[in-house]
Amino acid sequence: MTIKLNPDQSRILNWRVKSGGVAGVIGPAGCGKTTTGSFLAVKMICEGYAKNVLLVAFTNSAANEFARELSMVLGPEGSKFLCVRSGYAPGADPRLPIPFSNNIEFVRAKKIVICTTQSLKRLSTSIKFENMIIDEAGIERLEHLLSPFALGINQLGIHLMKENISYETNNIIELASKCGIIATVVGDPKQSRPIGLADYDLSAMEWVLKCAKYDTLFTTHRLPDRLAMLVDEFADYGGLNSAPEIASRRFGAEYAIDKNYKEILNPEEVITWVNLNGNEEMGGPSSWYNEVEAKACVRICCEIKRVAPSKSISIVTRYTEQRRTISKYLQHLDIETRVLTTTGALGTQADIVIFSLVRNNPERLVGALGSLQDLNVAISRSKEKLIIVGSFEMMLNGLSYSHNSNSRHKQNFPQKLARLVNEKYGMVVTAPSILCN
Amino acid sequence: MNSDIIDVRRTYDYLRRCQTHLVQSSEIATACVCQNLFKLDYPFGATRSDKDYLVANTVHDIMSLCMSGPILENWHSGLENYEQIAKKIVNESSEIVNTVIKDIIEGAHQENRFVQDDFELQVNDIYNGLVVGMTRRLMKNHERPSRVLTEVTITNIKDHHEGRIDALLEYSSGYGLLDWKSYELSNTVSGREKWQLIANTLLANFRYRRSEDDWSGHNFSCIVHNSGVYFPKTETIVKEVERIKTNRQFAHMVLCGERVRVQRPKFCPVCDKGLEGSKECLFYQRDARLAYEGKLPAQYEKMTKQFFAKRYAILKERAETHLHKHVVYTQISKHGEEEALRRLEKIGILSRGYSYDFNIDEKVILSRTDDNIPLEPRRIVRIIGMEPSRSLLSCINEQASVMEVRNSKITLSFRSKIAVQRAKRQLFHFPLILLRDELNLTRSMLRPIHQFHKLAAEVLIPPELLV
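Taken in order, these protein sequences are the chains called A and B.
Numbered per this note's numbering, the first sequence spans residues 1 to 437.
Numbered per this note's numbering, the second sequence spans residues 1001 to 1467.
A couple of the hints might just be wrong.
Covered, in the sense of this in silico footprint (three residues per stretch, anywhere, with C-beta under 8 angstroms from a C-beta of chain A), are these stretches of chain B [said to hold, decoys possible]:
hint: 1; segment: 1109–1115
hint: 2; segment: 1247–1259
hint: 3; segment: 1326–1335
hint: 4; segment: 1341–1350
Calculated from the structure, these hints are not laboratory results.
All C-beta atoms, glycine included, are put in the ideal place defined by N, C-alpha and C.
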């Protein structure tokens, strides 16, 4: 194993190999949730704590990420020997050394099984897992957790445990723990929330945090110091910090920056808000787009590509219609850049992230953009520089609501972000005229 | 011009607060057998079987291609020497049969699924049986149809009904409906197949006459099975329609979360014969009895409430998968088809003007004249062929997912190569509409809740009450 774990990760690893039941691990952006999960699985198998481990992710890309980490930890031969990727064949990354199979005997013979939540139905219910690690639980509902849990029920043990359980179990998580299910549920309720979940309801991760023990990873290996501080204060993590080796990382241009973009791409600033007043337009049944912002994002992207061709760029937005609009412009210019919605951006990172706000209206309605989770994801993808594009006034004075049912006070998150960027961690610049048409 | 968009968005907002459930023909048939059995699927999620229907699905795929090919080409009505024709059809279908079998085995191997040694033999046997049945009973008594459509999904929003019909035979005077069964019908006892057939016939009436109660176009409906063809008598169909409608309403109300009194039949072919699923059914019946008698432990009752809250939240999601279709229906009812399509196109729910370019295996490339395609990768769409004088949601269609959108071209991934072949035969020559659609994954979500419900009962209900 060549990857080194930080003290947070080691603490969690030692805690989880020795403790049973269901437990949670909160991992803010870039804290190595998947790495910790992969190491945990390997440690369980290699040190004999479990005969087999199930690794579950909500999406195929996250399941592939698990497989990639495992291949790095175990090496190509080791991962081929010990692991199997199961579920939906077209979703599995064929470049990874881990074999794919849904064959019950083949799967049963492997020690570590990687699968998505929806594809678990393809695994036979006769396979039982002694241990499981469930990633991205922030985006899952409680019922999503039950699919893997059902594969961990210890039927023989239930009768023995029955006397201890009777009349002391209040909820499904406790019931699962007491029925011999050993699961580490990993996620961050401040980064994601299941789509369509009622405001009063809890996500799978929130259920686990409410009903079981949990620990938090606090060291991010992605966000430079100022960005880590912004994210920490914005989402109230209570101590998120940058790993020393990346804390001072800054954007560096290889070629001279055009005078129009000097302020925006200033290497000294990690966070820059480009104040731009484009009009929002309705698109789709519930989405929005903003042409002026879309064009501005593409222009900034072009300039970054020119001055720093080796840097990776992601454009992030809350709205699918805006993603489509930006992608269309990029396609016309034949520029390869990832354009993601906040949901799709989960688990991704890039050197430079451009965040398009979209919403700008006289009524100051921020709508779904105002959720803690969407804003938090958008501002925490960047390794060097974050550029926010959109109306500063709108965010500062916009009317918002909170999706976080746990918070006692409904907070205005767009306003909080605008204040933190302007007053503490970044700089608000007026959009140059070149970006305004 | 924004008022058009606002109007459609308001329809969405309104319908999101309504019940947009659709009941499938197969579900209506289950409810007709026993209403408790329907509840076992929804809301309980106690799936009764883990079987892999590889053989049956393969036969369906073969029939869907052969019907409009060798079978239609060799259709001779009133013939006596049916065996010879059957042989000819089987010979001429061999290429299709072999290709489908090869594709299915390839797909199964890719996923490392178990394929029986005699898989090919079984498929050929069943296919031959179906062809013999068709030539002997169907061709003998019925004219050659002018066109055959296979695997047609029809949605009747007004009556909350949806179903997939195996084959529709079109005549100048009306239609005939076929349903394939890969097993011997004489071995079945429940009558489920009959009810599914009649439920689908109501959908076919809707497709051809825009009303499920208009029987003027109905020529015949039948089940083609391994050893023959079953034609229900007209009196049987008429008699059973009311039963279908009653059970459709029952199923719809259950899905909507309403309290409905279950009418248990005098004889339930599952519980009374102790078949697979009867244990689960009795489990929920016992639960209901204990709750009625006030004997359930408080902890268990509390947890049961959590389970049911989750179940109905999942069912709400199932309803949302039909939201786009409801919006289309509402808009068409309000503004007429052309104006509704214009509005829906403007907001990006559907888009028109596509034509088929080419395909590589299950990937199909469509193109249109401009580059304003309002879709993006991973979105699920229903590709509808606009047939003249048919309502939009009963036109021929297939489901696919968007792989790539590049300028004026869109790449779609179909479910299988066979689905593409079918679409090439019966769909792509019509003007194409892409309508946003959603996948229904609710069954797999309900299943673990059922498992945990049983677990909670096992742990929390005192053993003396479980007896």
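Status of each hint after checking the structure:
no., hint, verdict
1, 1109–1115, "holds (count 5)"
2, 1247–1259, "violated (count 0)"
3, 1326–1335, "violated (count 1)"
4, 1341–1350, "holds (count 3)"
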